[in-house]
Structures are given as structure tokens and as C-alpha cells.
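Novice: Residues per chain, in single letters:
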Amino acid sequence: MTLLTDKPRDHVDPQSTVGSPPEESRAARLTSFEVSDFPVPNGREEEWRFTPVDRLGGVFADEADDVRGDDHPADFDVSGVLDVMGDSLAPGQAPRGTVLVPGDRGAVVASAHCAEALYLKLEAEREYVEPLRVNIHGNGAGRLSSAHYVVEAGHHSKALLILDHTGSADHRGNLEVIVGDGAELTVVTLQRWDDDAIHLGQHDAQVGRDATYKHIAVSLGGSIVRVNSNVRYDGPGGDATLLGVYFADAGQHLEHRSFADHNAPHTKSLVTYKGALQGDGAHTVWVGDVLIRKEAEGIDTYELNRNLVLTDGARADSIPNLEIETGEIAGAGHASSTGRFDDEQLFYLMSRGIDETNARRLVVRGFFADIIAKIGVPEVVDTLMAAIEEELEADMGAAA
Amino acid sequence: MTTLEIRDLHVSVETDTEHKQILRGVDLTINSGETHAIMGPNGSGKSTLAYAVAGHPKYTVTSGTITLDGEDVLAMGVDERAKAGLFLAMQYPVEVPGVTVSNFLRTAKTSIDGEAPKLRTWVKDMKGAMEALRMDPAFAERNVNEGFSGGEKKRHEILQMELLQPKIAVLDETDSGLDVDALKVVAEGVNRVKEQTGLGVMLITHYTRILRYINPDHVHVFVAGKVAESGGPELADRLENEGYDRYVQAAAV
Ligand SMILES: Nc1ncnc2c1ncn2[C@@H]1O[C@H](COP(=O)(O)OP(=O)(O)OP(=O)(O)O)[C@@H](O)[C@H]1O
Ligand SMILES: [Mg+2]
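Listed in order, the protein sequences are those of chains A and B. So for the first sequence, our numbering puts the first residue at 1; every next one is plus one. So for the second sequence, our numbering puts the first residue at 1; every next one is plus one.
Honestly, the hints are just simulated from the structure, not real lab data. It should be emphasised that the depicted structure is a prediction, and the values quoted were computed from it without experimental measurement. Accuracy of the hints is not assured; some may be wrong.
[Said to hold, decoys possible] Result set (EDC-like, lysine to aspartate or glutamate): computed pairs, CA atoms no more than 20 Å apart in a straight line:
hint, chain 1, residue 1, chain 2, residue 2
1, B, K58, A, E379
2, B, K58, A, E356
3, B, K58, A, D355
4, B, K127, B, E141
5, A, K374, B, E14
6, B, K153, A, D312
7, B, K58, B, E14
8, B, K58, A, D312
9, A, K158, A, E184
10, B, K194, B, D69
11, B, K83, A, D355
12, B, K58, A, E344
13, B, K184, B, D217
14, B, K167, B, E141
15, B, K83, A, E356
16, B, K58, B, E34
[To be verified] Facing chain B, according to a computed beta carbon distance under 7 Å, are these residues of chain A, among others:
hint, residue
17, E24
18, A27
19, L30
20, F33
21, V35
22, D194
23, G339
24, F341
25, S351
26, R352
27, T357
28, G366
29, F367
30, I371
The C-beta atom is built at its ideal place from N, Cα and C for all residues, glycine as well.
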């Protein structure tokens, strides 16, 4: 048993950034459909400073997908969404491009090189009982793949969409979501890639009046995964929940960025990301931006990120940014902490007869318990629990 | 009949800067059914003794022995000591976020017994023990020690002791932070387990008030890392009146 005496560093400072916004307002960030507007990042840019851009050359390329005859870089199994599939959308063909305008190099090349976006159109006032599912399977490491999905949830519809990524590719995927007034939409993106996959994603949603949107990112596999989940509102009363769970192993880079753009009054955002890290070079990044615009009175936002570092040699970066342009808000807060595995917890459990393996398992499961409860999608929860179990097995194996 | 035997125990703690000697030759024998009160000034090493018995890895035994019925306790891992029948009620119980009390207790019970307890009797036992300690049943679904008040944490320690049924228990200031009613409830709990299972108890305390409810067979004065004097219950009253000055001065020379 290794013993680390470090106490988890905890820092909770709601509203601490009031009056000290980041140097450049998030509102001023460039968005464009022009590839040339986004040069290939060199890693010194604020947005890319945590990402190992030197390993992203391929996925940044302004090139078409790596199609070899009938053999595509990735297969898209859409059998789970046939009922709601509309004709594919070309670049510029509405509603494509109405919500998502690329915000970085990965998104702009995805947009430029995906000629046919998958278009899912959910009927108004209809509840889809079965989950809608798109399975994306990469057919080979290093093969360039571009995707764009447009989801339009009619007013007062209710549905769950799961994007499940497996296999390997150099994948860049954009997701564009329009949540109609009063609709309830949950989108889950599962990153269960093989070890050598690369995945950049920009997921933008526009949440209608009194609509509820939940975006859940679960990142377990892949060499480099970077998923940006952005949300803004199309009227008052919208409620967005952005959740993320990740487990990084040796050498893995898992990055999640979220942006809640409160551009309408009486809107809500709750951002919660939790991750565990183990192994040499395991690296996770969470950057959570919240912008409360002048017109966004009476809004409520809270963002939280917690990381559990299980072994030496792993690193978690965690950066909340809260920008507030109006004083008339119901609530705004954030908390972020990165803690080492607490050996006092381990000792306490073991002193009750629980062996080390089970004690560690209890602690890690306990760490994820609240976010798993928030996810609330049994299918996803089961997948996630099994994956965490597997990660822990691997860790125990390595430790033995 | 079980015997915990501590012989000439020397323990040090590794700090960032030094190798600090805390226990300097502790001798103590605790048999089933006996209650030994350990009293001594702050910083004299009482908790260190408790942790050393439980096997906290921060504390290094530099010499001496601890045996349980002749078995070498120092060779056992932390969980093995619990399985062998040792229990430590901690001075500062640890919070474990996301792990419910009921899950924790069931996992611990399963580990100690080597098999999962029968669901029906287990639920009954747990309910009964909680009721006896006047713990709200809602505690079962709360996370271990998270947001518990000082007194609630201590009751939760005794709850574990009742359910896990150890042979020898070390209670490290279980009475601290308890109001009079809670003190009675906790003392009743300890006495109940003693009666039912013949538990041997090492009771670390600063106050004689708990000794009114849990009668000690032996009282030991603990000063500067070892037992300075041992006696019967009357020694506790003398300490209450005179304090530790006499011993501390003697230890300083
Ligand atoms: N982990 C540690 N690192 C540094 N010093 C320690 C550590 N643990 C104990 N000590 C020191 O060892 C000495 C004995 O501590 P211990 O907690 O055993 O005392 P105690 O008799 O239980 O005191 P109290 O009555 O206040 O509970 C103290 O001086 C304490 O500061
Ligand atoms: Mg103490």
C-alpha cells in the first residue's frame, strides 16, 4: 500500500471572479466557417495550451476523409434512428449552421469536410420512449474521419440520443442541437475508443423557451479526446445540464470544455464534470466557461469539477471561468478541486476488515456516486459502472 | 478468552523533517471482559498507541511486540487485524463521500465474517443496533461520516463495534464531544457488547465522567509515550483531583 498524506486540496469560491473576468471575454471568441480563419494550433494559444497539439497534426488537416474504395474511415450505424432521419444536410443548408458555427480548427475542418450531415428531426409533442442511438465505429487508427450531426427536437418532444464511439480513427465530429420550446432532450456522447483513437468534437446546443437539455460526455477510451460542450438559449426558462465523467489511464489525454452562454433571462445551467486519473502521463483537462450577459437577469448557474488522482504521474487541470455582466442574478457559483486518493479513507475502511482492493473500489465508486445519480440513464450508468470496474481491475493488476 | 499483549512497544512517526519517537516502551495486557482506562495529557501518545494497534501505516513500530492470543499482530495488515478481532473507534472518524453507511457496514461485515450476512437478520440487526444507539434510521442511507456531528460520528463508531463484534476494542476518546445523554447511550452500547460478547476494552479518555458509566478494572496513567502508573478505579479520581503534573514532572527529569 502506498501512502500519501496530502489532503485533497479543496477550493470553493462562489462568485470569486466577479469583477475579474478573463482577459478576453468569451463573447469575443472567433467563430467562422472559413478554414483559413483557424490556423493549425501550435499549443501557445490559450485554448490549446493544455492539449498535446503536436500529436494532432492529422486530425487538424484540411483534407477529405480517408476513404479507400468502399472502405470508410468510420462506419455509422443509424439503425437506431431511422424513424427520425431526415435528408442529409449540406454545409449551409438550414438548419445546419444555424446553431453551430465552428469555434476552432478541429470544428472548422469537420464542418468543411462533412458534405452530408446526419439530420435527426424529432416530432413535436412526441415522447420517444426508446433511446435513439448512433454507433460510430472507427475503422483504423490515423484514418481521417469527419462527421456532423444536426438534431432538431420539436417543441415539447422528449427523447434520449446516444452517440457511441468505438474503434479507432482520427475523428472530428460536430453536433448541432436545436431544442424546441418546452422540449426535453438528453444527449449522451460515449467515448469508448480504442487506445490509439483521436477525437475532437464541438457540440453546440440552443435551448428553447422552458426547454430542458442535458448533455452527458463519458470519456473512457482514446489517445486524445477533446469534447467541447456549448449551450446557449433561445428564450427565457431554458434549463441546461452539462455533465461529464472521465477516467484517464497512462498516456491518455482527456479534455472537456464547457461553455454556458446565458444570453436570455431566467435560464439555468448546471455543469458537473468528474474524473479519475491513474498511471504515468494520464492527463485530464476541464475548462468551464460561463458567461452571464447583461440581458440575462435572474439566471442561475453552478459549475463544478472534481478530479481524483489515483497514482503518481497523473495530472488534472481544472479551470472555471465565470464572467458576469449583470448584477441581477439568482445564483452563480463554481467549485473545482483535484485531490489525491485519500489514504486516511483507505485506512478507515481497511480497519473495518475490508481488503485494499475492495476499499479502493468503494472509494472510487463513492467518488462517482453523485454524478452517476445525476446521469439517470440506466443504460449509460451500467456501461459506465462496468467501465470503471474494468479500469480499476487494470489498476489493481498493475499495482500487484 | 482473548488476550491482547503489548510489550515494550516503541513507535515513531515519519514527518517531513524528522523521525519522531512517540511511544517509548509501552507495556499493557488486556484480556476479554476487562476494561482498561488510559488517561494522560494531550500529546502523550495515546492515539498513537491506538493507531499502532490498528496498523496505521504512518506509524512505525521500531521495537517491541503486539500479540493477540500469541499471534503476531504486527505481521498482519490493517484489514487482517480487524478480521483477527481488533477494533479501533477513532478519535476522528474519516468521511467517505458517496459510500452509504449501510453499504459500508454490509461490506465490512461480509469481510469480517468471510460471507455475506443473511439479508433478513442483517437488516434486523442493523435496525436494532441503530435504535439502541438512538440513531435515526435515515443515517443508513447517508454517506459515511459525511456531515455527521461530532456526537453522531462517535455513535456511528460504536454502531460498527456492535455489528462487527470484535474481541478487543480500542476506544479513542469516544466520549469527547458527547453531551450527557449521548454519553449514556454510547456507554450503554459498550456495556451491552461487553455483556454479550465478553469484549475487552482499552478506553482512552480525558474525563472520569465516562468511567461512571463504564467501570474500568484498571486505570493507567499515560505520560511521555508510556504507562507511568497503573492502578484500580480509584486512580482515576486521584487524577481528576490532582492532574498529571506529578507524572509530567517526573517524566521530564
Ligand atoms: N502524523 C504525525 N505527524 C507528526 N507528529 C505526530 C503525528 N502523529 C502524532 N504526532 C505527534 O505525536 C505526539 C502524540 O500524539 P497523539 O495523537 O498520540 O497524542 P494523544 O495522547 O492522543 O493526544 P490527545 O489527548 O490530544 O488526543 C504529539 O506530539 C503529536 O503531535
Ligand atoms: Mg488522541
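Novice: Now tell me, hint by hint, if it's right for this structure.
Specialist: Cross-check of the supplied hints:
no.: 1; hint: B/K58 - A/E379; verdict: violated (42 Å)
no.: 2; hint: B/K58 - A/E356; verdict: holds (16 Å)
no.: 3; hint: B/K58 - A/D355; verdict: holds (18 Å)
no.: 4; hint: B/K127 - B/E141; verdict: holds (12 Å)
no.: 5; hint: A/K374 - B/E14; verdict: violated (41 Å)
no.: 6; hint: B/K153 - A/D312; verdict: violated (32 Å)
no.: 7; hint: B/K58 - B/E14; verdict: holds (7 Å)
no.: 8; hint: B/K58 - A/D312; verdict: holds (19 Å)
no.: 9; hint: A/K158 - A/E184; verdict: holds (5 Å)
no.: 10; hint: B/K194 - B/D69; verdict: holds (18 Å)
no.: 11; hint: B/K83 - A/D355; verdict: holds (10 Å)
no.: 12; hint: B/K58 - A/E344; verdict: holds (10 Å)
no.: 13; hint: B/K184 - B/D217; verdict: holds (19 Å)
no.: 14; hint: B/K167 - B/E141; verdict: violated (28 Å)
no.: 15; hint: B/K83 - A/E356; verdict: holds (13 Å)
no.: 16; hint: B/K58 - B/E34; verdict: violated (29 Å)
no.: 17; hint: E24; verdict: violated (36 Å)
no.: 18; hint: A27; verdict: violated (36 Å)
no.: 19; hint: L30; verdict: violated (40 Å)
no.: 20; hint: F33; verdict: violated (44 Å)
no.: 21; hint: V35; verdict: violated (45 Å)
no.: 22; hint: D194; verdict: violated (30 Å)
no.: 23; hint: G339; verdict: violated (10 Å)
no.: 24; hint: F341; verdict: violated (12 Å)
no.: 25; hint: S351; verdict: holds (5 Å)
no.: 26; hint: R352; verdict: holds (4 Å)
no.: 27; hint: T357; verdict: violated (10 Å)
no.: 28; hint: G366; verdict: holds (3 Å)
no.: 29; hint: F367; verdict: holds (6 Å)
no.: 30; hint: I371; verdict: violated (9 Å)
In the structure shown, a violation is registered for the earlier hints numbered 1, 5, 6, 14, 16, 17, 18, 19, 20, 21, 22, 23, 24, 27 and 30, in ascending order.
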